[in-house]
Amino acid sequence: MAALNNLTEHLEAFVDVTRSPTHHAESLKAIATSLEKGVLSINQLVVEMDMYLTTTDDVVRARGSILLLAEMLDYLKSKPLDNAVVHSLIGFFTAKLAEWRSVRGALSGCLALIKRKGVAGVVTAVDAEAVAKSMAQSIQVQSLALYDRKLCFELLECLLEQYPEAMINLGDLMVYATCEAIDGEKDPPCLMIAFHVVELLARLFPSPSGPVASEASDLFEFISCYFPLHYTHTKGDEASIPREDLSRGLSLAISSTPFFEPYAIPLLLEKLSASLPVAKVDSLKCLKDCAVNYGVSRMKKHYKDLWPALKDALYASTKTDLSFGLESLTSPGFEMGEIHREAVNLLQRLVKQDISFLGLVVEDIRVNMVFDTISRYLRYEEMLDTSKLEVLVVSQILSVSARSSVESCNIIFETFFSRLMNTLGIVEKTSPGDLVHNENSTVSTRLYHGGLHLCIELLTASKDLIPSSEECTSTPESAQQSWCSIVNRFSASLIEAFTSAVQSSNDDCSADAYLGVKGLLAMGMFRGGSSPVSRSEFEKILTTLTSIIAANSAKTVKWELALKALVCMGSFIDRYSESEKAMSYMAIVVENLVSLVRSSHCSLPHPMILEATSEVCSTMPTYVEKMVEGFEEAFCSSFSDFCVSLGPMTLDRKVFTIVSVSISNKQGIESFLISNYYLENTCQVNGNFKSIENCSQLLECVTNKLLPRLTEIDGLEKSLVNFAISMWNQIESSIVFSYDFNGREFVEAAMKTMGEIVGVASVDSQNSIIQKAYNVISSSTLPAMESIPLTVAALEGLQRNLSTRDELILSLFASVIIGASPKASIPDVKSLVDLFLVSFLKGYIRAAQALGSMINKLVTGSGGTNISTDCSLEEACDIIFHESDSSKTICGSETFLGKICLGFCGSLDLQTRAITGLAWIGKGLLMRGDKRVNEIALVLMECLKSTNSSGNALHPSAMKHAADAFLTLMSDSEVCLNRKFHAVIRPLYKQRFFSITVPILESLIVNSQTPLSRTMLHVALAHVVSNVPVTVILDNTKKLLSVILEGLSVLSVDSVHKETLFSLLLVLSGTLTDIKGQQSVSDNAHRIIECLVKLTSYPHLMVVRETAIQCLATLLELPHGRIYPFRREVLQAVTKALDDPKRRVREEAIKCRQAWTSISSRSTPF
Amino acid sequence: MTLGLLNANPVVQAKKERLARTQDQHRDYDGLDTLDTKYVRDIRDPEHPYSLEQLSVLSEDSITLDDKLNRILITFTPTIQHCRMATIIGLCLRAKLKECLPLHYKVDIRVSPGSHADEDSVNKQLNDKERVVAALENPNLRQLVDECICSNEI
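Top to bottom, those sequences are chains D and E. The numbering of the first sequence is full-length UniProt numbering, which starts it at 1 and goes up by one. The numbering of the second sequence is full-length UniProt numbering, which starts it at 1 and goes up by one.
Be careful, since some hints might not be right.
Computed list of lysine-lysine pairs in DSS-like fashion (alpha-carbon distance at most 27 Å, straight line) [said to hold, decoys possible]: (1) E:K129 to D:K1094; (2) D:K1136 to E:K98; (3) E:K96 to D:K1151; (4) D:K115 to D:K311.
Since the hints were derived computationally from the structure, they do not count as laboratory data.
Next up, chain D with everything else stripped away, as it sits in the complex:
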């Protein structure tokens, strides 16, 4: 009973027009849920609503009852209902359609019922018929409001879709009703449905004696008046249907039935000839739909009018500027407007559908005239615009027609190709293998650009028609391949013609080269066994293109075109997996280029060979393998070139042979040592510059071109790992290096390549590289360094620098370690730690980075059940920090490194190196979240004090290094310890370091004794603050602001700190704009402004001035009362900045000045 009581309440609420829509929705929902749950049945509801349904108050009746019932049904779409209920309800709604006051409720009720699909409670066909009849007879759609009209159309659509048989029974009535409903409709959503209704009607009544056929003219009249669609009100209607969709709907409606043909085609042709671009596009699209749906026989009648209209559209939409650029080698070469594209589609459709349409094309006088035009001009630039247009459009027409079907292609080739060849003077091959005669023939080829263009277009069009091998066997060859044989007859001469076009081209005119290369490309892209171009001819094309690449000595357009063409052909071969052609490609292109890479003496500059090779070879995995092999060899040969490059004396060479023999036998160490000495003296000290340069370029090519494409090319990783290993082999086998000037560059490149290869390699490959590298290391003199005791005396005594070879080995090995993943196993970690420790104290930063990486990735002792390493993090740290314990020669309990850093012992050089090294080790520890970093940070901060704990003054250079160490610790490094190199990175490590160090640094700044120490502390703080995420700063603005400001003023004294100053200024500018920082900014406004005003005249860095002025402008967001007092001061500073030497500062100054001026009511006060 409670449910019923509630129901009455809800009903009252819904019926009451004065209540808000949300109220209505709520009550509606409440009733619906109770219905759905079964608390209430429909019958009960209807009984309860009795009063509302029958009241004489129209509003209450229409709104409250009928609409409520309808909406309720919409809610209950999926609830099974009794058939009897449905029947009586639909009867009720059908009857109510006649009553205009309640038409909305009735319509939505009908719609909700008709839409019901599924098991229980569907409207029967008889009822549906009744609905349709009642609707047709009693509703005048156009007199209704927008929403109701939409309901009407939806109802019609639904009826037609779901009860086709019932609607067929109604026949004429439905067509009339639709006509009447559409007439005058202007709303896009309604029209969208209306067009669909027409389409449905056309589908329902396909017979020529049916109602649609007889009413076609009327129906068409109603829909055709919308063509071409044009929106008059565009602004407010953004949410409704876009023009494209509606126009597509209209097009479908127009093309829905062939009965519209007599009316539609003339209309469309008329609109096509209009000047409005939208009309043209729409008519072309619609014509295409019509061509598909009306059928050939009906369309045939209109061909005579259609062809000229289409031709005109093509002529009008083509632009005459043909591009001869690199990018258009694989595209048509001119801009395609939308009209053009649609016209081309229509033409293709028509030709494909009916070959007889092609007759019009072939006989067209303009098409035939083109050969005269072609032969009038040799060069494209010489042509008049009209002739250009003629050539382009006709090429387009012919190629599109040829592309449509095999028959059309045959006809086009039979009719035009020989003529074209005649015009161009290209001779037919009389018998196979007759090439030699042709070359001597009297007819010389005339390379008309227009003709070549046409020819290329035709060839490109036809190449898509070659069936794939399976199709080829099923269809008889004779009938369809006649174009093939035509091309085949001319292929040899064509290739020759294109080749000569390329060869005759010179630098100032790219058209010849472009057309030649494009032609060769077109000839080379025929696929399959039935290709009109034989294998030998294909190989000839490849040879030509390759020779272009090899012959040029500078990067010309021709060179680039040829390269691109080769790359296209390579990827084409890969895509269609043409094994035969792949073999030719491999033999001619790949091998040639790779051999060019190998031979260091050729006219082509080395970077260009590398570029060409890497581009061409990355088209297929097998080529890549080949290329990397080639690179390996090239590397080895150039490497050995500059490692040992002997003088001209034969004696020396003999000595060298003896030496190599003695080494390979692993005997005669003494003689080796002697001859080694001898060799070092007889070698050309300068080495071979060219080969060392080649080597670095090759490595750069590997890093920049190949490595980024690792994921695209299968098998590349393996080849690269092999490459890395062979690098090590090569280094192992070479004894003497001599490099001076370019050497640095080479070592850098080698380190980078090695590191990156290791970085991308899998763990197994990494292991093999590491093993190899370790073997090389242990066979060198480097292990001797491990045994050096870590005492100052011993380190200082180590005066002699490493030999160049050892240095290279060390750097490369460090790179390997840097790139290795934590899972890779590194042999003999302890001695390696020693080695790196000694070498970074000797000044090899790479070693420090490697040590940092190692520390970062080692497993911890406790969980270190992993046997892959023989040393845990703890042990490694022990070695690094507590080595002094074992040697017991110096200072007792404190760490040895710390002592050096603080300058207790050792020279200044040693001190600075130790500080830098410590920073890298600290970075490794910091990133993995290890506690030991705190001690390191303490040591580094100790270094920043003016005097250390024992009262000795610290050297300024050491302090500077210590300050920079904070940058190393906090910034993201490119060279090591990043994601690429598998670093172990704990989240929020920067924040943690920030919270540890900043308070200490702040207190140190307060207590600092000398200006230098103060500056250095500020530098360190700036590094920490500027590298931490902005959010952290914003949380601490209050604390940090004053120290940042002080830092800014301290750092602005010396130009050395300009970069640091800038990054700190950026931090400040970040806090100014944020809401979190605003309170403290507002409190400190006077200090901020003072500081910024000073920086507006900072002389050392333009961006600092610019940013300072921008910050000043930002400050205007603060409360007016807070900033107004500083107005005069700021304006003075900014006015000075108007005279800044830099334009950008001046521009900012103008903006800032305008903004600050505007906070006062009157103009500038001075």
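Given the coordinates of chain D, assemble chain E onto it according to the supplied hints.
For chain E alone, coordinates are given in the frame of chain D:
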């Protein structure tokens, strides 16, 4: 102002391409940028929604700058001979330059010879300090000038 526009159909030219801000300009570039003339070209015409550059009232050649003597001479060409707006355009130029330039420049503004019917008096009016200050104190004129020189591009 019921007379309608003075020049109802002016010829509109294309804007010159603006120098894009490139990254390499960002740092390491310590040369001196010369003071340039682009401050004024974006001033809007008092009559049409186009800039003075688009209307060919100003061009780069019409502005001469002498850095040694700190002098600037701007010669502009009104679109029609009887343009009443010539003085307003001149006033805009002066107001804009006052905002943008350091104080030590002396600015002379003239209409180009033969381009205006009342050339001499316009020139005199534009270079008379007191009349300029007086004009800029007139609230209506001030508003018009502010609207014209308020431009998005600098």
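* Broken hints, numbered, in rising order? -> 1 and 4
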